[in-house]
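**Student:** Taken in sequence, the protein lines are chains A and B. Counting from 159, one number per residue, gives the positions in the first sequence under this note's numbering. Counting from 386, one number per residue, gives the positions in the second sequence under this note's numbering.
No lab work stands behind these hints, which were simulated from the structure alone. Don't take every hint at face value.
[Said to hold, decoys possible] For lysine-lysine, the following DSSO-like pairs were computed, each having C-alpha atoms within a straight-line distance of at most 27 Å: (1) B:K473 x B:K387; (2) B:K681 x B:K483; (3) A:K186 x A:K342; (4) A:K575 x B:K546; (5) A:K186 x B:K588; (6) A:K598 x B:K582; (7) A:K523 x A:K461; (8) B:K387 x A:K605; (9) A:K351 x B:K483; (10) B:K387 x A:K598; (11) A:K557 x B:K483; (12) B:K556 x B:K473; (13) A:K342 x B:K391; (14) B:K582 x A:K575; (15) B:K388 x A:K351.
[Said to hold, decoys possible] Rough simulated footprint, nothing fancy, chain B against chain A, three-plus residues with beta-carbon under 8 Å: (16) 161-170; (17) 409-421; (18) 477-489.
By construction, the Cβ of each residue, glycine as well, lies at the ideal position given by its N, Cα and C atoms.
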Amino acid sequence: MLFNSFDFGFFLVIVFAVYWILGAQRRKSQNLLLLVASYVFYGLWDWRFLSLLFLSSVIDFLVGRALGTSEKKINRKLLLWCSILWNLGVLITFKYFNFFLENFAALLSLNIPEEGYSIWKIMVPVGLSFYTFQTMGYSIDVYRRKISPTKNFFEFLCFVSFFPQLVAGPIERAKKLLPQFEIKREFSITKAKEGLRQILWGLFKKILVADKLGIAVTMVFSEPDAYGFIMLSFAAVLFSFQMYCDFSGYTDIAIGTAKLFGFRLSKNFRLPYFARSITEFWQRWHITLTQWFTDYVYIPLVKGARRITVIVRLIGLFVTMFLVGLWHGANWTFVAFGIFNGIILAVERIPFFKRKGTLAKKLQKTPRLVTLIYFFTLTSISSIFFRSESIDQAFYILKRIFTFTPDPVINSLIGIKLGYLVILLIAEIATRTWDFPLQKWNVRIPKPLRWAIYYLIIIWIIRYAEPREAFLYFQF
Amino acid sequence: MKKFVKHTVLFFIPVILGYLAVEYTTRQLPMGFKDLSRYYEENKTEFEVLVLGSSQIKDAINPELLQIPTLNLGSGNQHHDTDFKILKGLLPHIPNLKTVVLEVSYSHFELPHNGKDFWKNAVYYEYYGVNAFERRTWFKDRLVYLSNPQFFSERLLGHYKGTDPPAGFSKYGFDTLNYGGRFQDLNYSEEKIAKTKFRLNYKERPEVFQNNAALFNEMLDFLKEKELNVIICSVPMYKTFLSARNPNILRRRDSILSRIEQDYSNVRMFRKEEDTVRFKVKDYWNQSHLNPDGAKKFTEEFEMLLTED
């Protein structure tokens, strides 16, 4: 069930109505309802993978419980590794098995008959990378004694499967989300209305901006040899925005939906295209993933070294970004995306300048126009790796761009529809201190005008919706 | 809470009413589906020939000109997987069916299938009662406008502004006024047509080919099991289209077709793709579609094949 579908709207209305009819006094029943709704939501994609979701929850719950009672260091470590190995095992089995096998075979020039591993050629469970990271994060936090393990199995199941953020995040920490299942959730009309406004904004981003840009991007990336350096560069920039609007649109719908049920989810984006450097970009882009990798990969890697030197930090950064790339998918294009970002982040953090000054710091004081060119050049290159079908295609496109291959024709690719992106940018920049542009409309704009604008957005959304288009980040 | 529900309901009432109005208006548009649906309901016990395929075959066979009762359910972008679903869905209701016509165009085997999310599924469901969604359906799956708002919005605007070319659907669901294509715009000038760009799939997709060929064989096996005759058909293409085709795609398709001809005794070929002798520029709507005049010639030849036995 996609967030941008009629089905989801119907589902949401029913769950919302039953949830608040049960009322805040029946918290346990509300949790049970959310659990059932979440499993239905997930099962409608593919019910076979519900068992995997359930099993992941059971294992991390049991690991958490055992960690809570165990004091011996060796036992605790063993338990933690049980959780990590299970979660990574599931990820590798379902997401990376063929990738590793094919590359291993190619490296050793082995000829493995396809029948030998075709049983693994199955669909990747939706949202696998999100929920495995969320449960793994729980076990690590319990191991580090940052949180106490929960005793309530149902609440833990709810935490892992909470449908607004189950398939594409934000990747929530147990410390933040789990307690919300443990307390009474009162209905707040302000929060509910804000939730609806955020859903509307998310739909605008996804349907009117991301999907429209997607048409242009697909057109160019499916036939790169028909375009020259200007159109290819333009398509790469458009893809950066498509990815942003697609994913942050999803996040807005997720956060807005959670608000309707009295929950608060983490912010995942802070105007990433406002960044002056790639370092700053990763502090603004997919924040919950960046924080996850920082806390559970980068810091342990750096702290594990005998002495924390610049080189150690840079290696830690590089390895982390390599894994960030791989997290996005089993393809060399994603690995290249991670490595490329790792290299730039490393370069930005090397203290080249006086008084340990780094490029990242210098860029903060550089005129906006220069940083804009710097930033968009790098993100566009990075997005070429992300979007290309293969690593060869990515280098082919880069070659055409950097050898200034002339364009047979130059146009806007989607014509007037590019205007939606302009509207989005103006709205986001004008309201940059808010969580999303429609957030404080109820206090700033009179009701008739507000409603007229909502109607206009709804008409636009219905009128210009493309036939079913999945969210980009579901595949991860 | 009550206040929120009241406000939300009040807010959404105009949205729902507005949508219902648009849905109703969409259903009033002239659409071949509606006429076909009526024609199908009235004559389903009599049909002996069922035509399936894309817009190319839809525009090429006019059932009105055939002696044998024929139902042409070809439709734009309709691929073999959808054809198969329609066939399976309608077969129990067409007791006299003897022949199924399947279209294999130049790139049929190297274009991805429609899949279960094809927007026309709603239309098939509403007008032919065929569930091509491969899942349980509910009332939303019957909403025509919502199946492709972009397409139907343009149709609505075009129809009410009068910019849509006139449509003249006969009771057989065939558009007899379908002349207003690219070629008419260019006044059928061969010189201008030669300079005009057009869309043609040149991209080779060997994986898609394998998948599509497998499904096509499955379809043929199904039809053989049901003891139905099959005519594999390709529609005339204009000469500029013919010369622009990718020879590898063509070679792969032809190899499959010759194997089919050997393996299936119930299959006959009706390949007119390269007939540049009988079909002239004025028979075309664009490079890959016939207009009603071309359809007349094509249907006549098709009739001869049908009555050969």
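**Student:** If a hint holds in the structure, say so; if it doesn't, say that too.
**Tutor:** Against the structure, the hints come out as follows:
The suggested pairing of K473 of chain B with K387 of chain B is violated, with an alpha-carbon distance near 49 Å, which exceeds 27 Å. Proximity of K681 of chain B to K483 of chain B is assessed by CA-CA distance (about 23 Å); at most 27 Å being required, the pair is judged to hold. The straight-line distance between the Cα atoms of K186 of chain A and K342 of chain A is roughly 9 Å, inside the 27 Å bound, and the hint therefore holds. For the hint linking K575 of chain A to K546 of chain B, the alpha-carbon distance of about 22 Å falls within 27 Å, and the restraint holds.
This hinted pair does not check out: K186 of chain A and K588 of chain B have alpha carbons roughly 56 Å apart, beyond 27 Å. Under the criterion of a C-alpha separation no larger than 27 Å, the hint pairing K598 of chain A with K582 of chain B is inconsistent with the structure, at around 50 Å. Between K523 of chain A and K461 of chain A the CA atoms are separated by roughly 31 Å; this puts the pair beyond 27 Å, and the hint is violated. Note on K387 of chain B and K605 of chain A: the hinted pairing holds, with a Cα-Cα distance of about 19 Å set against a maximum of 27 Å.
Among the hinted pairs, K351 of chain A with K483 of chain B is inconsistent with the structure: their alpha-carbon atoms are about 60 Å apart, more than 27 Å. Straight-line distance between C-alpha atoms of K387 of chain B and K598 of chain A comes to about 22 Å, which keeps the hinted pair within the 27 Å bound. Using a Cα cut-off of 27 Å, the hinted pair K557 of chain A and K483 of chain B is violated, with the two alpha carbons roughly 57 Å apart. A C-alpha spacing of about 24 Å is found between K556 of chain B and K473 of chain B, which places the hinted pair at or below 27 Å, so the restraint holds.
For the proposed pair K342 of chain A and K391 of chain B, the alpha carbon gap of about 24 Å is at most 27 Å, so the pair holds. With a C-alpha separation of about 24 Å, the suggested pair K582 of chain B and K575 of chain A falls inside the 27 Å cut-off, and the hint holds. A distance of roughly 11 Å separates the Cα atoms of K388 of chain B and K351 of chain A; the hinted pair therefore holds under the 27 Å criterion. Residues of the region 161-170 of chain A with a Cβ under 8 Å from some Cβ of chain B number 3, which satisfies the need for three, so the listed coverage holds.
Counting residues of the region 409-421 of chain A whose CB falls under 8 Å from any CB of chain B gives 0; the rule of at least 3 is not met. For the region 477-489 of chain A, the proposed coverage by chain B is not satisfied: 0 residues have a C-beta within less than 8 Å of a C-beta in that chain, short of the threshold of three.
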